[in-house]
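Chains as they are written, first to last, in our numbering: chain Y, 1 to 330; chain C, 1001 to 1330; chain R, 2001 to 2330; chain B, 3001 to 3330.
Each hint should be verified, as a subset may be incorrect.
Which residues of chain Y face chain C? A few of them, derived with a C-beta cut under 8 angstroms, are [said to hold, decoys possible]:
#1 Ser2
#2 Tyr73
#3 Tyr134
#4 Pro300
These are calculated hints, taken from the structure and not from any lab test.
The beta-carbon is built from N, C-alpha and C at its ideal position, and this holds for glycine as well.
The chain contents come next:
Protein chains: 4
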Amino acid sequence: MSPAAAPGDAERVAERLLSGGAEVEVASGAGRTVLVAAGEADAVPPLLPWEAFPGVERIVPLTAPFRFVSREYQAGRSVVRVGEAAIGGGGFTVIAGPCAVEGREQLWAAAEAVQAAGAAILRGDAFKPRTSPYSFQGLGRAGLELLVEARERFGLPFVAEVVDPRDVELVAGCADMIRIGSRNMSNFTLLAEAGRQPRPVMLKRGFTATIEEWLDAAEYIYKEGNSRIVLCERGIRTFEPQTRNTLDISAIPLAKSLSHLPVVVDPSHSAGRRDLVAPLTLAALAAGADGVMVDVHAAPETALVDGAQALHPAEFAALMERVRTLAAAL
Amino acid sequence: MSPAAAPGDAERVAERLLSGGAEVEVASGAGRTVLVAAGEADAVPPLLPWEAFPGVERIVPLTAPFRFVSREYQAGRSVVRVGEAAIGGGGFTVIAGPCAVEGREQLWAAAEAVQAAGAAILRGDAFKPRTSPYSFQGLGRAGLELLVEARERFGLPFVAEVVDPRDVELVAGCADMIRIGSRNMSNFTLLAEAGRQPRPVMLKRGFTATIEEWLDAAEYIYKEGNSRIVLCERGIRTFEPQTRNTLDISAIPLAKSLSHLPVVVDPSHSAGRRDLVAPLTLAALAAGADGVMVDVHAAPETALVDGAQALHPAEFAALMERVRTLAAAL
Amino acid sequence: MSPAAAPGDAERVAERLLSGGAEVEVASGAGRTVLVAAGEADAVPPLLPWEAFPGVERIVPLTAPFRFVSREYQAGRSVVRVGEAAIGGGGFTVIAGPCAVEGREQLWAAAEAVQAAGAAILRGDAFKPRTSPYSFQGLGRAGLELLVEARERFGLPFVAEVVDPRDVELVAGCADMIRIGSRNMSNFTLLAEAGRQPRPVMLKRGFTATIEEWLDAAEYIYKEGNSRIVLCERGIRTFEPQTRNTLDISAIPLAKSLSHLPVVVDPSHSAGRRDLVAPLTLAALAAGADGVMVDVHAAPETALVDGAQALHPAEFAALMERVRTLAAAL
Amino acid sequence: MSPAAAPGDAERVAERLLSGGAEVEVASGAGRTVLVAAGEADAVPPLLPWEAFPGVERIVPLTAPFRFVSREYQAGRSVVRVGEAAIGGGGFTVIAGPCAVEGREQLWAAAEAVQAAGAAILRGDAFKPRTSPYSFQGLGRAGLELLVEARERFGLPFVAEVVDPRDVELVAGCADMIRIGSRNMSNFTLLAEAGRQPRPVMLKRGFTATIEEWLDAAEYIYKEGNSRIVLCERGIRTFEPQTRNTLDISAIPLAKSLSHLPVVVDPSHSAGRRDLVAPLTLAALAAGADGVMVDVHAAPETALVDGAQALHPAEFAALMERVRTLAAAL
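Looking at chain Y on its own, in the form it has when it is part of the complex:
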């Protein structure tokens, strides 16, 4: 309560809390009164406007609003199976491929390269959310069909982005894992649809979302019945102009201490620069990530999307060598 609260203000708040089913304790000293409320998530809705009550100065939530994705709910770490591959459980899973599917030849070249170098899962998108309506938006259904062909040919499960709740069924019907992109992390109807289908879901952190908001978004998926969620850190927006976003390396141990879900990192979209992909991948591994997702393109200079950050196949193969050495040492 504010030091200027009127007599009776604290009582009114306490009554309201009690009538809502919460327990309330009161502590005061040196002119300050603090109410501690405890109860079910629905009994003390953390966002109710207590600050609108006369005399209330500030609300400090003691517990996070998410539940199923928390380590309080499940102490052991989750392992998410994606086709024959798995994310979590102590290994370091490498997902790689082109940012966008542009055609059969392009996809073939990348898939062959990443499979040969040892990637476990293929990436490639058929739907791309682009800042400008004049940029390439993806091949849509045709792109998904190419990815299905590539899976058969190269034996790798694949992950693909979904950007519209009306496309969830289509993408989930083809892909081994669907992905919610950074710009859609707060698209709650899309999250709910992803929670109502059976494929695992990779949830990228919004580039302006706090870790708690990211876990709240995962809760939207889990609450609808789908517990197969992989968190993906991909950089946050800061004032530093040398990189597209700033990889929040601390988010790896933090998300793993707050949640039982596996955490991977996207060094390509974080930095937006090819020269940083290798150091950021190694840093993610050392910080405890369960894997990475890396853009690989056989001819980055002709890529329709994000070529400046894609590794050449040879660069990717060299990186895989270093990953294996480092993983063994850890």
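The hints should help you fit chains C, R and B onto chain Y, whose structure is shown.
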């Protein structure tokens, strides 16, 4: 080009640009070579990965990617009609009402108060995007029906948020203006649907979007055929903890210098604090905004959403007085 | 306390607090224990590492660490006299002049223009903190002498920046008000020196400082004995690239609600663009600022520092007209 | 130039550039004119207000303003000797000790622990820049004397912060390396003094500084004659509240690609949390850092400064084991 570019690197870039239909000029001096490319938006796609070409150091876009919403496309300022009201054209339009529709009595009380005090448009949402799945998500269709009733009773057109592309038809069938919220500013399929229906659209700035990204999002709507767009600045995410977001007051003159669309401000959601609504409203007016959108609730302490920022009817009426005085002086 | 705290953990914390002279109350419920400590600023040092105690989850400060500059310490608003002028007390004080003193002719032209248009205080710096060591660093002592001449000739008191604790005596011996720049807001030895001399001090907000840190910095000055402090908001660092910094317009009412000190705004350095100076000045006035500080230069295109943001004399005179009209209406 | 530039505007800019000793080339196409200027750092001062010239739309610097610290100036990597230790040159140097020197017993305990575990350099500060004037400010000269004693007893060189240009001689007279803290990174007079004395200087990145501004600050030191500079990344201010600052892991490879200076990381002050020190240290090593600086305190819960982030001696020893294993693998 990089100072370390190989001979022939610049030529290869120039050839590619020319073959794509662009004009190219080359300037060099003191060991530096600069290529200036010009052409249609589709001839020199600004996001093509030139940085992936050997020898290219950096791309600097000279023009913004948006077109229809720019002042180059339309020099005169747009006026957007919303029912009997209008936004733009020199006036200062006040939109007010509860954040969320909670029931008939609550909506009646707020609508009556804002109408009496002189608001031109009613606000009230039936669908709420909430960070936590355990928070109140809105009354849905029933909420829209209450808003339609309120329009008849109080004679105010209303604006309501839409969060799912599948609901655009429903919301646009009821509301006088639909709104894309801050969290959905980069939900490109929702933007496109909003562009394919006839109602005006209020587009809130993403709280982590640059002004250019905001105008790119407006372009998505305009490009689909709907030119009736109102931009709404509502604060950006910064490190300052005293406010929920930091109102970017400079965005008002900047958006108006880059675009012909009207610009309004949401002081309630920017600050998240009732005590800042009045000074921010007056500042927005002085900085040249075409209007504001203000949360008003007859009993903020019982509001299910954002009560801490809602004005009491009496506070709102007092603010309207000050707005009228200031507007007359300006 | 953490829900996982061991029995005895809370007791150990309470004992330490009591032995340090604080009062302690304990509240618990639903598996949570909260300790509320109250006492003198030196009895419960807010930055002591309670989080290092076993079982402590989090510390939430209930009171701000600053004291003398707070409204709890002084309820009435401070007015700071600067020569014949005053800042605070209901008026709107305009400070104007060149960013840096470059020579007599340049200073004369600007001083004459701002005096004629109605500015109350002249600005002009002899010491400039510049990001690059290769940029113009100011005329030093010779610049101060020119400012003293200008004061005599044009009858305006002046404010000048000090960047080195060893120069405080020199600058304070010439200027009517000394200024601590944004980059030096956390230069605590400079703040302390400013607190030990008799001139008023303008304290610019660090462009990456929270409002609380800004008031903590003011406390450093006040604590040494100098209560004549003017706060100056000048924009904060955000991700928006169209402006040099983002003017935090909310900081005006917030700083005034937390502190009794007057608050002015620097629209020139916030935006770094001449076209935003007028709308930001009017917005600051409407939001309750006690004044502004504006860069004016008779030939901005030849300015050695920050010419892109300086108003021409005619632009400044036009702005002063609008300020007078708006101030009268408010 | 702006598309709306008047005829003659470009000529006027070109003339001014030529008269200042620069070379100028002009390229135009599709209604756009671009001037490319090249010359000495002092001939084309990058911060001159060209944007104030009529018709100029924007300035894009092609080269960074710093020179001596760049890899263009020195291609090979610098190694900085600190007493018997060295930073750079392929090893991974661990600096460890208490945040602040609080007394002989406390310093002895920490120094003995870090020496035994294999640290190469001791840290410990006698002068602390604190946000609040009511926080512990360090023991001053007495603290330095204790550090000198510790060096003799434990055989480790030490690094200590300097916060006032008037204390540079004192600190440099005792310490093996002086440190400029994050809050003083833009304290240019302090940087210049550090450049005029013979000890190596550790320059922490301002928590709100870009990488380019950090290197500009290093240039201030180098330009005065001191080339023995170690860069220290320590986190930047973002919107994420779970950590004090966000460690910018990308800054390690970026600073090393732009500069020949060694780069170390401070995981303790970045995160402000003990549980993140180990993962961030390992990530820094994997990303290519030349070392780390870690807070160690034998009794963190009694520390007067930053105890929540200090490792216990046993935690530090365990971390050193992991560092050695990982370094061997890399």
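For the hint on proline 300 of chain Y, does the least C-beta distance to chain C fall short of 8 angstroms?
holds (4 angstroms)
Under 8 angstroms is the threshold here; is the Cβ of tyrosine 134 of chain Y close enough to any Cβ of chain C for the hint to stand?
Where the cut-off is 8 angstroms and the nearest Cβ of chain C is about 5 angstroms from tyrosine 134 of chain Y, the hint holds.
Is the hint on tyrosine 73 of chain Y kept, meaning its closest Cβ partner in chain C is under 8 angstroms away?
Violated - the Cβ of tyrosine 73 of chain Y stays beyond 8 angstroms from chain C, reaching only about 14 angstroms at its closest.
Close enough to count: is the Cβ of serine 2 of chain Y nearer than 8 angstroms to one in chain C?
Nearest chain C Cβ about 12 angstroms off; hint violated.
When held up to the earlier numbered hints, the structure conflicts with 1, 2 and fits the remainder.
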